[in-house]
Structure formats: C-alpha cells, structure tokens
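Colleague: Build the full structure now, drawing on both the sequences and the hints.
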Amino acid sequence: MSTMLAGAAPLLRTTLKHDGRRFAPWIVIVTFLSTSSVLVYPWIFPSQQDRAGLAAAVGGNPAVGLIFGPAFDLSTTDGFNAWRSLALGGFMTALGAIFVLTRATRGQEDSGQAELLASGVLGRASRLLVGIGLALIGSLALGVIASVLTGLSGGDWPSSLLLGATFTATGWMFAAVAAVTAQIGSDSRTANSIAVGVLGVLFLLRGFAYSIQAPDWTVWINPLGWMTQTHPGTGNHWWPLGYALALTLVLTTIAFTLQSRRDFGQGAIAPRPGPARGKDRSTWRLAVRLNGGPIIAWTVAFLALGLVFGYFATSINDILGNDSNVSQMLAAGATTPDALIAAFIVTILSLVGIIAAIPGVQIMLKLRTEEMEDRVELVIATKVRRVRFYASNVILALAAPTLFLLIAGVLIATLASAADIGVDFGDAVLQTVATVPAVWTIIAVSIAVVGARPQVSLAAWVGVLSSFVLTLLGPSFKLWDSVLAFSPFWHVPNVTNSDADVWGLLWITLVTALFLVVGFIGFRRRDLAR
Amino acid sequence: MSANAVIEIAGLVKSYGKFPALNGLDLTVDQGQVHGFLGPNGSGKSTTIRVLLGLLRADGGTVRLLGGDPWKDVVELHRRLAYVPGDVSLWPGMTGGEAIDLLGALRGGLNEKRRAELVDRFELDPTKRGRQYSKGNRQKVAIVAALASDVELLILDEPTSGLDPLMENIFLEVIAEAKQRGTTVLLSSHILAEVESLADRLSIIRDGRIVETGTLTELRGHTRTSIHAVLQRIPPEDEMDAFRDVRLDGAKLTGTVDSNRIGEAMSFLAPYGIQSLTVEPPSLESLFLRLYETDTPAAATS
Ligand SMILES: Nc1ncnc2c1ncn2[C@@H]1O[C@H](COP(=O)(O)OP(=O)(O)OP(=O)(O)O)[C@@H](O)[C@H]1O
Ligand SMILES: [Mg+2]
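Which chain is which? The protein sequence lines are A and B, in order. Position 487 (the first sequence) corresponds to 487 in my numbering; numbering is contiguous. Just add 1000 to wherever you are in the second sequence, counting from 1, and you've got my numbering.
This list has only true hints and no planted wrong ones.
Stretch by stretch, here's where chain A covers chain B in the computed footprint (C-beta under 8 angstroms, at least three residues):
hint, region
1, 1047 to 1060
2, 1099 to 1110
3, 1127 to 1135
Just so you know, these hints were derived from the structure itself, not from any lab. We treat Cβ as the ideally placed atom computed from N, Cα and C, and that holds for glycine.
Modeller: Given below as structure tokens:
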C-alpha cells in the first residue's frame, strides 16, 4: 500500500498551492450566502409580523420550497439562515468539490500532465488520493470559514457551526461521488456531467419530498435529506452527519478499487473503432456533434424535470392548504387561490428557464475549451469565417435551451391543465414561450464573455447566477424593484393578467442583442487561444 | 519586395501582453519555393505562422499573404492554403477519417484520389478516435488533411516533430511532390537535415527577429571550413590573415577559414611542408549552433 501511495504528500502540497485557489470562489459565495442572511435578517424583518409575512410568502410559493427545502422556523435568525443557506450552500460546496476533484484526476489525464507526474516517483493510487485530499481540505476550509464568519456576524454559535458542518459534509460526499465518476467517465467532461447530474437529481428530489410531504423514507434515502435533517437553528442534530461520513468512506473505497482496475487515461467503457469517412462537413454539424452527448442528456433531464414540476403543480392546492400562514392570507382576502397558482406557474417556469440556460452557457464555454486546446485554429485556418463559426455555436447555445424549456413547459402545462386547479393549457404554454426571451438574455451574457473577454470565463455564469438569486431570493427580501429588474425574468409578464404588457420582453431582447453584438465583434477582432 | 512573393512580412511586431514575441521580423517567400524557417525554442516561429493565418492580429509592421491581408481577407486566402499545426490536437471523439473529411470540406473540398493515396502511404488507420492516436499519428492526420487539398501554399509548423524516420522520409517525398506541382511551402523546423534536403531558401529567427536569410549556398558562404594540419616547419603567426581562431601546438595547426579564402590558406601552408591535412567541409550545423547561442551577437559578419 505504501508504494501505491508514494509521492502523495509532496504532490498534495504543490497541488494545494496551485489548484487550491480554485476553491476560493465557492468559499466566497457560500460564506456570503450564510453571513448575509444573519446580517440582513434582523434589519429587513424586525418584527414578528414581518417574519410571519415572510413565512406566508414562502409558503405561498411552493416553487421556492423546491429549491430551498422546508422552512422549519422563519421567526429566528438562525432558522432563517438554515432555510436560506443549507440547501444552496451545500449544493455550491458540492459543485466546487466535484470540479476540483475531476480536474485534479481526470482533467490531468486528458491534458497529459498526469503522465508527466505518473512517470515520476508516484504510486498508482497517489493522484486519486491527492484529488480527494484537495476536495476534502477545500470543503473543510469552506465549512470552517463560513461557520466562523457567520458566528462572528451574529449567528448563534452551535447552529452556525452545524450549518458549516453540513456544507463540509455535502462537499465530502460529492467529492467521493466525483472520485467514482472520474473512474467511469471516459474524459473529464463526462465525469463532471455524471457527478453534477447525480447532485442535481438528489437536490430536486429532496425539495420535492419535503414539499409534497412524502413519506419519511424518501427523505432518509437521500444523502442531501440527511443534511436537512440536522435542523440547524431549530434542533441542532449532529448525528445525521455520521451517515455522510460513512457514505464518503464507502464511495472512496469503490473509487480506489475501480481505479486499480482501469488503464491510464481510459474509462471503464472502451471506445470502439469508428467510421473511416466523415459526414459532418460544416461548422454547424461540428458544433452539434461536439455538444451532442450533453444535449441528449439534458433532454432526458428536462423530460424528468417537466414531469416532476408538472406533478408538483397538480398537488398545489394541498400544499397551499397545509400552510397555516397561507390559509390566513386567503381567509383575509389578501389574495386568491387563482392568483397564487398563476404566480406559482410563472415562478416555476422561470426556474426551469434558469436551469435551461445552464447547458447554453456550457455550450459557449465548451467553445472556449476547444479554442484553448487549439482545435478552433484548425477550423479557422480553413476558409471558414470567424463570425460564421461563432454563429454556429451561438445558435446552438440559444436553440438547445429553448427546446429544453419548451419540453418541460409543455409537460407542466399538460399535467397542470389536466388536474382541475384552474390552469389553462394554452395559458401555460404561452407563459413558457414568454419566458424564452429571458433565457436568451442570460445566455447572451456568456456569448459576450466568450467572444470579447474569455479570460474571465467565470463571468459567463453571472447571468445565470444573478437571475437565480434575484428571482428566488429577491421577493422575500423586499428588494427594490430597480434591483430586481436586473434579472431578465422579472420582466416576464404573467400572461393570465389582462394588463400584462410586453414592453419588458422587448427591453430584455434589446439587451440580448447588445450582448450578441459585443460577443460577435469581440470574437471577430481578438487573438485566438489567448 | 519581389513581384511574385507569396509571403511578404516587413517589420512585424507582436507582443503577448508586455512580452515582445516578435520585434521587427522580415520574411519573404517567393512563389514555388520551399522556405525553411528555423530557430530555437520560443524564438517566435509559431507566433509568426499564427499571424500569417489570421489567428493573431499583428501589432505593427506589414504582412501580405498571397497578395492579401491575412487578417482581413481570411476567406479568400484560406481557400488557397493549408496548415499543419506544430502540436496537433484532434477532437477526442472523432475518428481521424472524419477529421480529415471535415477539414477538407471546410477548406472547400479535397482531392479524393490524393486523400486515399496519402492515407495509404502514411499507413494511417482512419477509424481510430482522436484520443486513441499517438502523437505521430495525430500529426499524420493533420498532414493528410492539409496535403489532400489542392492549394497554392502550405504552412507547416514543425510537421515532422512526432514522425518516425520512415514516415519522415515519406513526408519529405510528399513535400517534394507538392513542390513539383508548384506549391509554395513555408516549413518551420528544428531539424536542419530536413530543411537542407528540401529548402530553396532558409531564414533563421532568434528572439523574434530574422538573423540570417538566404539560399543554402549563401548561408554556407557564411560558414567556415575547419582545417587541421601537421607541418614540418612552424609558420609565423602574424602572417596568417586567412585563418581565424588559429591554434599552434608545436607544428600542429588547427583553425577555421572562411569559405572564400580556402585557396589562399592552402598556398600559405604549402611552403611549410604539409605532412598531413584534414579539411572539414562547412556545415550548416555550425552556423546554426553559432546563431543559436544566445550570448554571441546575432548578426554574422561576412
Ligand atoms: N499565448 C501566449 N501568451 C504569452 N506568451 C506566449 C504565448 N504564446 C507564445 N508565447 C511566447 O512567445 C514566444 C514565442 O513563442 P512561439 O510559440 O512563437 O515560439 P516557437 O519558435 O514556435 O518555439 P518552439 O520551437 O518551441 O515551437 C515564446 O517566448 C513564448 O513563451
Ligand atoms: Mg512552435
């Protein structure tokens, strides 16, 4: 065993030094999420009345519950922070852990760096160990920093520490998941996609299980459910974290076993010989081909998403009926069930739209990867115009998410209209179509970034991230309209409103056009692969 | 400069951020020529080529390619040229055959007969996927893709760096055939022998500047023949102007002579009774090495 792990310690030190900072953005985001709840809560919701209002607003829009999970107690700072940060913070930490691990293992194999290392005095298992070590240390640092700063910002110490521990535990579990997928996938992109897919499915299932008050076991078979069951701020149970540790150990063992059986640079699935002649003869076909696998995977994901959300919509009356705050509001005549349901449909479609933008941004970033790996230069050295080449990818990045959103939207419309909750099929489909321009706007951010300033490729996610935060968190935070208007989804009209106007959609389309122009001009004028 | 120049670069400047990769590069390649482009690692060969392909934008100087501007007239120019990168990266999931057809189609069609013949000669298995190819085989894919099209200009960036000697010979044959068809070739390389056997002219680049350019014979003119002689009598040292770097060890003389002064040197030595004599022909290798050394001043005196 000791020879298997030779050289791991020095390699871990250098890797920490060079790749450790890749964890920094995740630490910043999660810490911000958690500390900001604690700092801002007493200020925005000073009285118990305000807090009950928040609880009603959250209970009144179950789409929010799908993402944030159950709100056990919104009347205390720590209860509020647990609701707002636990699910999302864990999700972000897991993403960070997955990306760092895949990069340190599979990514290095793809780029040939690993070969250089493997030829040195390095045991067979050392590189995987270093990847896992990096992800574990990163997650631990994230948990510690987030919880200590939350405590210093005024959070109750036991609750803040437990919350930080759930971040770390989630990061650890998904580091282990990624360690396994890195052995299965045939390259880093596949390995990442499988791991993130697992995370996404478990995340939605958790929100779903709590929202429809499914039987207890549906929560307990879900590793993310264990995290919610720690109840930071409302119960402070540490013991579910033990399950997370056990799962991390089991998955890590599986990963090492798989790794010892596969060849360097290969996945578990060996590629077969392919055609000697090619049929793809245009940049458009090339773009489709390079993104074909993920597009198929995302199509399946959106079929599932449409079914889940559609089914969720059918039980909306029960969900609203079970919430005492909402019942009070309805009884007081402050709102009507129809208005709540229409608002719910708008929110849920915005949510689907934001998720649908992710593959769009990925397609644009894939183009940047191709460029950095010197494959774009092969294409541009032929008689292809840069603008044309870029357009092929841009069209795909806009069209695929549109298709995904429509798939999920039609499914939601079908299920909801069949359920006698007062949703009209035509209205729901129209609402889906009205959401499309907003999706384009946030994808257009990545088009501008990759075209004009690809060095800051992380900025490609700004549109998705800010829309997500503003659409889901903004309203319950009483943010000003001028701030909320930064999210293009804020401009999507509710088509069931008779006075809905389309000016907002025109404005955001103008913004989209602007981003496109910046992206195209940038790509035409800049040096390639720099 | 010349009326039928295919590549004309004058005073080309290109920086990466603050780092000047090219500072005032001049290069002319005439039609139908094979032009060798030599230089040490990091001297700016690939950068020059990437400017020629319109992948990078020149910061200063003028660049003409096939009578056009490589940055503006991309489509018209790229229809007429083909490129083999120094470090070939193929699409991991795409077979070599598919990559050749894709690149050929994007260039505006390829010569089917030549494609088949090249695949055959290079013993390339076109059914393997990008990530399964070895370095040399990836390079073969790029070479076949470039040479299967009928183009006027081939731009090759260290095309043989991964090929085995057998394949390198085939490559040299193929380039010679292309030259016969009238194709102009810009061939960057580290290997002098390769360039020596093919190139009509050579340019040597160092630190982003051309330090030598000319035909093989012209460059040879800059090199010196080395002479080792054992003499009967010791010649007076102050009369040996024909020689450079002379060293006398008793009656044993070693030194170098400029190519155009060999006769003079011989007549000088003859009266002192030559007992044995070795004359080493001038080698480009020595010029190459001399120019590569960073501490000596670049411009050679002639
Ligand atoms: N993208 C880049 N960013 C910054 N510097 C670069 C970049 N590409 C190249 N350089 C630098 O520019 C200089 C010239 O590089 P170039 O690749 O043109 O050299 P080369 O002559 O092709 O070398 P080699 O023989 O090793 O291929 C080098 O010093 C290199 O470090
Ligand atoms: Mg080079």
